[in-house]
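Undergrad: Spelled out from the first residue to the last, the chains are:
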Amino acid sequence: MDAAVIETFEKVEDIEIRLLLEALYVRYHYDFRNYAMGSIKRRLRQAREQLGFATISAMQERLLHDETMLPTLLGYLTVQVSEMFRDPSYFKAIRDNVVPHLRTYPSLKVWIAGCSFGEEVYSLAILFREEGLEDRTIFYATDINQDALQGAEAGVYDLDRIQLFTENHRSSGGKSSLSDYYSAGYGRVTFDRTLRDRVVFSDHSLVTDAVFGEMHLISCRNVMIYFDRPLQDRAIGLFKDSLARKGFLGIGAKENLRFSAHADDFQEFVREEKIYQKGGK
Amino acid sequence: MIRSLPRAIVIGASAGALEALSVILPALPEDFRLPIFIVVHIPPDKRSVLAELFRAKCKIRVSEVEDKEPIRPSTAYFAPPDYHVLVEKDHTLALTNEEPVLFSRPSIDVLFESAADIYGPDVVAVLLTGANHDGAKGLLLIARAGGEVIVQDPETAFAAAMPQAGLDLCPDAAVLSLQGITDYLRRVG
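Line by line, the protein sequences give chains A and B. According to the numbering used here, the first sequence holds residues 8 to 288 in order. According to the numbering used here, the second sequence holds residues 853 to 1041 in order.
These are calculated hints, taken from the structure and not from any lab test. Hints may be right or wrong, so weigh each one.
Below, a sample of chain A positions facing chain B; criterion: calculated Cβ distance under 10 Å [stated by the list, open to error]:
no., residue
1, Lys18
2, Glu20
3, Arg236
To be clear about the criterion: a stretch of chain B counts as covered by chain A if any three or more of its residues have a C-beta under 8 Å from a C-beta of chain A, and this derived list gives those stretches [stated by the list, open to error]:
no., stretch
4, 919-929
5, 947-956
6, 962-970
Each computed PhoX-like pair below joins lysine-lysine, with the alpha-carbon atoms no more than 25 Å apart [to be verified]:
no., chain 1, residue 1, chain 2, residue 2
7, A, Lys18, B, Lys941
8, B, Lys941, B, Lys989
9, A, Lys48, B, Lys941
10, A, Lys48, B, Lys989
11, B, Lys989, A, Lys18
12, A, Lys253, A, Lys99
13, A, Lys247, A, Lys99
14, A, Lys48, A, Lys18
15, A, Lys99, A, Lys182
Cβ coordinates follow ideal geometry from the N, Cα and C atoms, glycine included.
Using the sequences plus the hints, can you model the full thing?
TA: What follows is the structure, encoded as structure tokens:
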């Protein structure tokens, strides 16, 4: 066979990955089929190596017949990296530019989509408390990973991360001391449970689930980078339909609505922090 | 064997990167046709100034990668601090926040591995100066996929560890000076 013919065949590993993602969807309704393939491939290779399977097909076989394999594999497939007040300038822009608009509403809904272990949930809850908006706000914190959601609800973090969280909070324009909001012990910190009085934690997939109504602010940072472009479009469409008129959408520092089919439904609000406002041009 | 023309170039560099890239990138002509993906180790908390800096010096386009950015020819793409860069099949660049590899995010290995997957033999990988071992494994994957692999001569590199680690894993890699690398790239691009 000449090179051109070989080229048209999928590599075996690519076929295996496609089949495993299909199995994961049909058997467990987790849909990673439209995730960005480079990263999925990397993480499945990692899972295969570390779990000691000879092939990705062998891993698929186990996944189909052994339910306990599901959380293990989801742990590999969903990336859980965050910190409190990550990119402090983003939170500063929320505080300085978005909050003045939010003040004009009698009640507020905020959606943290892909909340992971809750770092951003607590960051926004603290920011809203500092700005006196907490009492009129309901926060919706969603993720597809149950372990992450439980972690988010617990609000417990390793003590060695607190220094970074504290510095971030300060440079985000924090008006209080972060230590007011947690108690430390046994190498961990536990965040004040009253911070989650206004938070609803819920299992929600941007891939397969529907609109969440009338949000004033949606924060979804470094979640859509794991999606391919059609799936990004779906998620951004979902955000558009979930936002109230003139509602705000914040995305990750290196994400962009420019390449999206919905680009014209949003306006840049704070350009350098990737904060957009719903409303056509 | 006749090697087909490369479709992309990947470069990894760490300590001493700025000086090394200052020899290579500004010397590439306006009609250089290939995209170049570059990972330089940068502290995660710094806003990277690399793209701005080189934009002023280069004849080719220079940009910092944004997620799902379509790949254009004649462009040098820098990985942003705190993200890995991967090449996707649909000729876009994807960013991820996956855990650091060898303490690095961006990681040279991650970029090189995905370039090996997407381009197979049609990529040139260059491992420059650096004081750690990132990039060596990725270089091996590119060599195995049939791509061209080059290391900066450890003798003349600002920091020898990284190109030496690459050479240890890929003994057949071409060992070139910065000028040699520049001349080679000008020929293939």
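Undergrad: Which numbered hints are broken by the structure, listed smallest first?
TA: Per hint list: zero violations.
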